Structures are given as C-alpha cells and as structure tokens.
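J.: FYI, in the UniProt record's numbering the residues of the sequence shown are 1 to 73.
Keep in mind the hints are simulated off the structure, nothing from the lab.
There could be a bad hint or two in this list.
As the list claims (entries may be wrong) - With a Cα cut of at most 20 Å, we get these calculated SDA-like pairs of lysine to any residue: (1) 3 to 22; (2) 28 to 41; (3) 3 to 33; (4) 16 to 37; (5) 3 to 62; (6) 14 to 52; (7) 28 to 40.
Said to hold, decoys possible - Cβ pair distances, simulated, as ranges: (8) 69 to 23: 33 to 43 Å; (9) 12 to 39: 13 to 23 Å; (10) 68 to 16: 34 to 44 Å; (11) 47 to 22: 12 to 22 Å; (12) 69 to 18: 39 to 49 Å; (13) 67 to 23: 15 to 25 Å; (14) 48 to 12: 17 to 27 Å; (15) 69 to 22: 14 to 24 Å; (16) 12 to 41: 19 to 29 Å; (17) 69 to 12: 15 to 25 Å; (18) 14 to 66: 30 to 40 Å; (19) 16 to 45: 19 to 29 Å; (20) 67 to 19: 27 to 37 Å; (21) 48 to 28: 10 to 20 Å.
This one's a predicted model, so the numbers in the text were calculated from it and none came from an experiment.
We put the beta carbon where it would ideally sit given N, CA and C, even for glycine.
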Amino acid sequence: MIKITLDRIMFERKIKVPQLVEKSGLNKNTLYALQKNEVTRIDLNTIEALCIALDCDISDLIEYTPNKKEDAQ
Numbered sequence: 001m002i003k004i005t006l007d008r009i010m011f012e013r014k015i016k017v018p019q020l021v022e023k024s025g026l027n028k029n030t031l032y033a034l035q036k037n038e039v040t041r042i043d044l045n046t047i048e049a050l051c052i053a054l055d056c057d058i059s060d061l062i063e064y065t066p067n068k069k070e071d072a073q
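Hey, can you work out the whole structure from these sequences and the hints?
T.: Spelled out as structure tokens, the structure:
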C-alpha cells in the first residue's frame, strides 16, 4: 500500500493548508485531498512543489507498506 503522508508532515510542522497553498502554488482542493490521502495518483510536478515548499524529500511524503500476499490477489 502506498500512502501520502502529507497530513503527518503538516501536523509536525504546524502548517495549515492555506499556508501550503501560498508556499507551493498548488490548489487547495488538491492539498486537502492529499492531506486526507484520498488520491489514487499524483503528478510529479505536485510532488516536486511539495518537496520544495516543505523542504523535504520524496521519502518524507510517500510511504510504502507491502500488502499481504493474499490481499494482493
């Protein structure tokens, strides 16, 4: 399972969506969806904008946990 961890990063850094909109230039609806992990795909430009705005690495934004074998089938 792949999870966007934007909510955790924003909580740790005490950043709200309106602040991140201003820093990243991304749409607020996009950020809310990412924060709630309600996305099935993400554009590379979006990842780059978040990494720049949050001064973080891709591995800080995306977490991978392998599925159990029976779940993957």
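J.: So, for every hint listed, does it hold in this structure?
T.: Hints and how they fare:
no.: 1; hint: 3 to 22; result: violated (24 Å)
no.: 2; hint: 28 to 41; result: holds (17 Å)
no.: 3; hint: 3 to 33; result: holds (12 Å)
no.: 4; hint: 16 to 37; result: holds (16 Å)
no.: 5; hint: 3 to 62; result: holds (6 Å)
no.: 6; hint: 14 to 52; result: holds (17 Å)
no.: 7; hint: 28 to 40; result: holds (17 Å)
no.: 8; hint: 69 to 23: 33 to 43 Å; result: holds (41 Å)
no.: 9; hint: 12 to 39: 13 to 23 Å; result: holds (20 Å)
no.: 10; hint: 68 to 16: 34 to 44 Å; result: holds (36 Å)
no.: 11; hint: 47 to 22: 12 to 22 Å; result: holds (18 Å)
no.: 12; hint: 69 to 18: 39 to 49 Å; result: holds (43 Å)
no.: 13; hint: 67 to 23: 15 to 25 Å; result: violated (34 Å)
no.: 14; hint: 48 to 12: 17 to 27 Å; result: holds (20 Å)
no.: 15; hint: 69 to 22: 14 to 24 Å; result: violated (44 Å)
no.: 16; hint: 12 to 41: 19 to 29 Å; result: holds (25 Å)
no.: 17; hint: 69 to 12: 15 to 25 Å; result: violated (33 Å)
no.: 18; hint: 14 to 66: 30 to 40 Å; result: holds (32 Å)
no.: 19; hint: 16 to 45: 19 to 29 Å; result: holds (22 Å)
no.: 20; hint: 67 to 19: 27 to 37 Å; result: holds (34 Å)
no.: 21; hint: 48 to 28: 10 to 20 Å; result: holds (18 Å)
Going through the hint list in order, the structure does not satisfy hints 1, 13, 15, 17.
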